[in-house]
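Undergrad: Here is how the chains run, residue by residue.
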Amino acid sequence: MSPDEKNADAMHTDAINADATSGTAVKPVGILGVGAAAPSLRLAAKDVGAAWGSSAGRGTVAVCDADEDTLTLAWRAANAALDAAGVSPAEVSGLWWGTARPPFAEGPSHAFLATTLGLDRSVGGGLASGSPHAGMEALLAAWDALAAGHARYALVVTSDALVPGLGTAGESTTGAGAAAVVLGAIAEGSAGPSANGSSPPARLVGRATLAMPAVDRYRADGDRVTGDVYDARLFREQVFVPLLTDTGRGVAEGAATPLRAWAIADPDGKLASAVAKRLGAPLASAPVFGALGDTGSAAALLGLVHACADNATNATNTANAANTTDATGSASSGGLIGAIGYGGGRATAVVVDAARAVPGAVTVDMLGTGRQVAYAEALRARGQLEPMADPIEMGLPPGGAAFVRGNPEMLGLFGARCRDCGTISTPPSIHPTCTGCGGDHLEVVPLARRGRVETFVVNQTMPPPFQAPLPLVVIDLEDGARLMVQGSPADAADLAVGDVVTLSLRRYALERGIPVYGYKAFRVAGTGAGSGVPKGTTVGSGQDRSAREGGS
Amino acid sequence: MSWNKVAVVGAGLIKMGELFEQSYEQMAAGAFSAALASVDKGLDKSAVDAVIVATQRGSLWGQEGIGGNTVPSAIGLSGVACTRVENACPSGSDAFRIGAMVVASGVHDVVLVIGVEKMRDKSTQEGLLARAAAGHPLYNRGETAPVLFAPFATRHMHEFGTTPEMLASVAVKNHHNGCLDPYAHFQSEITVEQVLASPMVCSPLRLLDCCPQTDGAAAILLTSAERAHEFTDKPVYVAGFGVATDHPYLHEKSSFVGLPATTLASGRAYDMAGVGPRDLDMAEVHDCFTITEILDIEDLGFVEKGKGGPASLEGETALDGRIPVNPSGGLLAKGHPIGATGIAQLTECWWQLREEAGERQVAIRQGFALQHNVGGRGSGVSVVNILTRNP
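Each protein sequence line maps, in turn, to chains A and B.
Be aware that the first sequence starts at 1, since it is given in the numbering used here, and climbs by one per residue.
Be aware that the second sequence starts at 1, since it is given in the numbering used here, and climbs by one per residue.
Since the hints were derived computationally from the structure, they do not count as laboratory data.
Treat the hints loosely; a few may be bogus.
Covered stretches of chain B (chain A as the covering partner; in silico rule of three or more C-beta atoms under 8 Å from a C-beta of chain A) [said to hold, decoys possible]:
1) 119-129
2) 140-151
3) 154-167
4) 190-202
5) 244-252
Cross-link-like lysine to any residue pairs, in silico, SDA-like; alpha carbons within 25 Å at most [unchecked claim]:
6) 307(B) to 496(A)
7) 122(B) to 468(A)
8) 234(B) to 198(B)
9) 122(B) to 397(A)
10) 122(B) to 386(A)
11) 122(B) to 270(A)
12) 305(B) to 498(A)
13) 122(B) to 467(A)
14) 270(A) to 309(A)
15) 122(B) to 389(A)
16) 122(B) to 388(A)
17) 122(B) to 390(A)
18) 234(B) to 272(B)
19) 122(B) to 460(A)
20) 122(B) to 393(A)
21) 122(B) to 512(A)
22) 122(B) to 463(A)
23) 122(B) to 309(A)
24) 122(B) to 396(A)
25) 305(B) to 496(A)
26) 122(B) to 464(A)
27) 122(B) to 498(A)
28) 307(B) to 498(A)
29) 15(B) to 69(B)
Ideal Cβ placement from N, Cα and C applies to all residues, glycine included.
Take these sequences, add in the hints, and give me the full structure.
TA: And the structure:
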């Protein structure tokens, strides 16, 4: 789509019912696809308690590895949602990102995420942060933009990887995760925004927000970690349970039918069920807390994504839907799910009408069980246990010219493709001419995200902040480009020439306080040279790169 | 193109090692003295009318912006013409090549080529390992020196069945040779078993597959063949040289089983000298890692591509082998003070061709010796020099 067409599209005022909160029959905004992501480490909550001499904690919490953070989780969930929705990055008119703790407290968080996702430079939207309520704020803002006709497709990403203060009550419950939804405006009289013209699988049908100005978890300016020095009983009785119950009732009362399940943010694994009990419908999000802990800004949508995919919930849904159809004569109602987010003294509830299976919906079990780590390793990964030695500084300052030039190609992963011989040289900023033929008819292209290991090493000897084992992998990508990037330490023992790997965004460094992002290679299980997948073209027997790429 | 024939009339080096007690300037003075002392008929240092200095990494001793003026001052020749050459690991061999061209041009009569390198004034962590942090995610962050060569070992093993034992045999041979070289950093025998039991540094390379970090200096005196007999009755001549480049980053390599810069550079040197690999009596090649020597002997045409591993294991490159490689102990045992390395290798060639190498002397039959370096991030540059004792 050309910029002109894009503007025309954005200016096109879809006829929609803006009064969505009233729960009237016309539903203006649809959910086209969802995605979710969890980080790679898991910490047993009881290990946290044990470290402080208490028996507190149950279940596991998800912890980011040293190269993961809220942005890398957001990237994964957002890509999954876009894939599920069948919406290309270029079609997205706005990115709304909600995260209590963005990678830059002040800085280019939104621009970085948008670039890594391949969204157009003109993309709108915004960043909500400052409390775990940010996820719901992002969702409502996107909804408003679609309802007002300023956007056709909106990408909403909610993610968090909070760093709890050592010894705080929140330490054994704070987890990490991300959920994303692709929303589309529904034009009156049209079938809907889906690529195939059918009606959307789910719609946003109700919302309510309430405030209660009270301090619970907080991070003061300059604090590196989140504190929670509040009275747990006071919080439960006077803040959380009444506020979320009232907010939930606010949307439930306006709904056409009784809600079949709730997904509710949960600071401690108990409060959400207390709210659900008062609201009179099952708590569908409990397994999410059990597996990942309190996922902050992502909690409500992660619970919703889980509920949409959960067989048990859907079985209930089918029964309810049958009853509803009988009672009202409406065939359109597939059952309503409520989601409530909380943070910073505010709660927001939304109601989703899931008529059909929502593309991309996954249960929390499908996000993987991660790698169980000991308390000390979790602390090290979260940057709370650091060696005394000064880490070696990056040769290039991340605020310097090399990064200003290099950020788009590094975050978006671009190469320079030769129009004459087809060779792709990476990255474009250091290749004014083609590495294959020396010509200068180059065009910048996004690189493939999958390829095969040409060769690799596992580096065992590096100064801090590096950690061994660190694979470095030369990959022949599916588009013929060759790239050398870091691999996953988890693959170090098994990596082999010929393995298929995929590229995933990771945080390469936290350099002078600035996060530096790039792509790393992750082995696709069961794809090694000995597993029946055709072996990669070998070199060294007279074949040069252009010969290899001739087949691409 | 015609050029004046160039002769080596003196060469020397200092004992390599972790020379914490010596400054850069003291090392330079030591190497110059050794070269002067080696001149058979004597050479007054005032006869030197140009100096080419090779120092690759001033940042390792806090002299990032160092020019060519430090060395003349240190060796008592302040005022003399001097230029510093920095061309990655082949800095020393390229300084020699440039010095030879300076003499060949007739502009200068007696040229000192001197390589000096401080590798250990900074801690290992702040020194070579710090390069791991040099790049950003698209410039190979995490890339310490072994990362530049280990991927070739992985691929060489994959394609040709090269084994860890074959790699280890290179280290065993070179450590043996180092025991016979009084200038070598390491002077102890090692076994294949010891290599294979040493800690993994960067798979598949283990500690004893890697050269040490060595301080050192070496110096060579060049003059025209016409004047050589004023200084010695046994001059050694520059028969040919070649330099070649390749793309600098590893992901730009067309292959991981060879270094094209070496092949190109040696082809140019062979052509210039009018010889081929079979005419050589010995070679000093770039063995920063064991795999590098295996790649070198293939790329230089000593053995067929893929056969470097078995050839090393079977002793073809030993002192009494078909083509003795690194009789000095090589970078693995003698050490790799980067700017000095090439000049130290050429000094070994000079001794060998004059049959002054003592216990490690190889048989000189045809009178040709080859010296080679390769380096520069992803082996982006190689220099080859060929010396001969034949007039």
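Undergrad: Look at each hint and say if it fits the structure.
TA: Going through the hints against the structure:
1. For a cut-off of 8 Å, the count of residues in the region 119-129 of chain B with a CB near a CB of chain A stands at 3, and the three-residue condition holds.
2. For the region 140-151 of chain B, the assignment as covered by chain A holds, since 9 residues bring a beta-carbon within under 8 Å of that chain's beta-carbons and 3 suffice.
3. Residue count for the region 154-167 of chain B with a Cβ under 8 Å from a Cβ of chain A: 4. That meets the three needed, and the coverage hint holds.
4. For a cut-off of 8 Å, the count of residues in the region 190-202 of chain B with a CB near a CB of chain A stands at 4, and the three-residue condition holds.
5. For the region 244-252 of chain B, the proposed coverage by chain A is satisfied: 5 residues have a C-beta within less than 8 Å of a C-beta in that chain, meeting the threshold of three.
6. For the proposed pair residue 307(B) and residue 496(A), the alpha carbon gap of about 22 Å is at most 25 Å, so the pair holds.
7. Taken as a hint, the residue 122(B) and residue 468(A) pair is honoured in the structure, with Cα atoms around 22 Å apart against an allowance of 25 Å.
8. With a C-alpha separation of about 44 Å, the suggested pair residue 234(B) and residue 198(B) falls outside the 25 Å cut-off, and the hint is violated.
9. Of the supplied pair hints, the one linking residue 122(B) and residue 397(A) holds, its CA atoms being roughly 22 Å apart against a limit of 25 Å.
10. At roughly 23 Å between alpha-carbon atoms, residue 122(B) and residue 386(A) fall within 25 Å of each other, so this suggested pair holds.
11. For the proposed pair residue 122(B) and residue 270(A), the alpha carbon gap of about 56 Å is over 25 Å, so the pair is violated.
12. At roughly 21 Å between alpha-carbon atoms, residue 305(B) and residue 498(A) fall within 25 Å of each other, so this suggested pair holds.
13. Proposed proximity of residue 122(B) and residue 467(A) is supported: the alpha carbons are some 21 Å apart, at most 25 Å.
14. Restraint check for residue 270(A) and residue 309(A): the C-alpha separation of about 23 Å stays at or below 25 Å, so the hint holds.
15. Taken as a hint, the residue 122(B) and residue 389(A) pair is honoured in the structure, with Cα atoms around 15 Å apart against an allowance of 25 Å.
16. With a C-alpha separation of about 19 Å, the suggested pair residue 122(B) and residue 388(A) falls inside the 25 Å cut-off, and the hint holds.
17. Between residue 122(B) and residue 390(A) the alpha-carbon distance is near 15 Å, which keeps this suggested pair within the 25 Å criterion.
18. At most 25 Å may separate the alpha-carbon atoms for a hinted pair to count; residue 234(B) and residue 272(B) meet this at roughly 22 Å.
19. Annotation: proposed proximity of residue 122(B) to residue 460(A) holds, straight-line Cα distance about 21 Å (limit 25 Å).
20. A C-alpha spacing of about 15 Å is found between residue 122(B) and residue 393(A), which places the hinted pair at or below 25 Å, so the restraint holds.
21. Of the supplied pair hints, the one linking residue 122(B) and residue 512(A) holds, its CA atoms being roughly 22 Å apart against a limit of 25 Å.
22. With a C-alpha separation of about 14 Å, the suggested pair residue 122(B) and residue 463(A) falls inside the 25 Å cut-off, and the hint holds.
23. For the hint linking residue 122(B) to residue 309(A), the alpha-carbon distance of about 58 Å lies beyond 25 Å, and the restraint is violated.
24. Distance check on the hinted pair: residue 122(B) and residue 396(A) sit about 20 Å apart at the alpha-carbon level, within 25 Å; holds.
25. Of the supplied pair hints, the one linking residue 305(B) and residue 496(A) holds, its CA atoms being roughly 22 Å apart against a limit of 25 Å.
26. Distance check on the hinted pair: residue 122(B) and residue 464(A) sit about 16 Å apart at the alpha-carbon level, within 25 Å; holds.
27. As the CA atoms of residue 122(B) and residue 498(A) are separated by approximately 39 Å, the hinted pair breaks the 25 Å bound.
28. For the given pair, residue 307(B) sits about 23 Å from residue 498(A) by alpha-carbon distance, which is consistent with the 25 Å threshold.
29. Our distance criterion of 25 Å between C-alpha atoms is met by residue 15(B) and residue 69(B), whose separation comes to about 24 Å.
Going down the numbered hints, you'll see the structure goes against 8, 11, 23 and 27, while the others check out.
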